[in-house]
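Got chain A; can you put chain B on it based on the hints?
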Amino acid sequence: EIQLQQSGPELVKPGASVKVSCKASGYSFTDYNMYWVKQSHGKSLEWIGYIDPYNGGTSYNQKFKGKATLTVDKSSSTAFMHLNSLTSEDSAVYYCARSEDGYSYAMDYWGQGTSVTVSS
Amino acid sequence: DVVMTQTPLSLPVSLGDQASISCRSSQSLVHSNGNTYLHWYLQKPGQSPKLLIYKVSNRFSGVPDRFSGSGSGTDFTLKISRVEAEDLGVYFCSQSTHVPTWTFGGGTKLEIK
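Line by line, the protein sequences are chains A and B. If you count the first sequence from 1, you need to add 6 to reach this note's numbering. If you count the second sequence from 1, you need to add 41 to reach this note's numbering.
Only chain A is shown next, with the shape it has when bound in the complex:
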């Protein structure tokens, strides 16, 4: 069974940083790109960026360049998203999702989401 298991909710202070993890199982981790998506206040979805776990190559939404950094640990089949200099605008639920790039280019499996709350 394909699963993406994300880390738990985070409460962080303004100006701090946070690292969200996404552990993949049930498929070959390096065969699919991993995407990250932001959902603010239950509203619509914003693509943050993606990483190719095979070679670590990344692509970012211009809006999130300098805000988000994507990495992977192939040995544990885990993807990470680091968010820095957090403000209230970064309070949201963040999802990881794998994509069948090369065929459908659709995000076919999603993690359960990680809530990040930025508050003093």
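Since the hints were made in silico from the structure, they are not lab data.
When the alpha-carbon atoms are kept at most 30 Å apart in a straight line, the in silico DSSO-like pairs for lysine-lysine are as follows:
| id | chain 1 | residue 1 | chain 2 | residue 2 |
| --- | --- | --- | --- | --- |
| 1 | A | Lys29 | B | Lys91 |
| 2 | B | Lys150 | B | Lys85 |
| 3 | B | Lys85 | A | Lys29 |
| 4 | A | Lys25 | B | Lys91 |
Below, chain B without anything else, positioned relative to chain A:
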């Protein structure tokens, strides 16, 4: 960036009714390779989005055949032939033709009338 516009914002339906959701893109979603990367997702309350339809009209694994997708160019439609209670939630369309920026529609909430 390609803007995805969904209508309606909210769709009240009775169980057993047919439901139809529209998605319009600001640019044609036909890729230079001939494929159209328009997808539909359903987010049930308290859950993450789930893929329903990929590349306009292909149902993802396990998706019931009462869901169907159609359209071309800039205009696309998701139809649910007989709405069941488990279909309630927010539907999103998304494009991945104009990469490297994937974009989503604002969402359509399917709810009971």
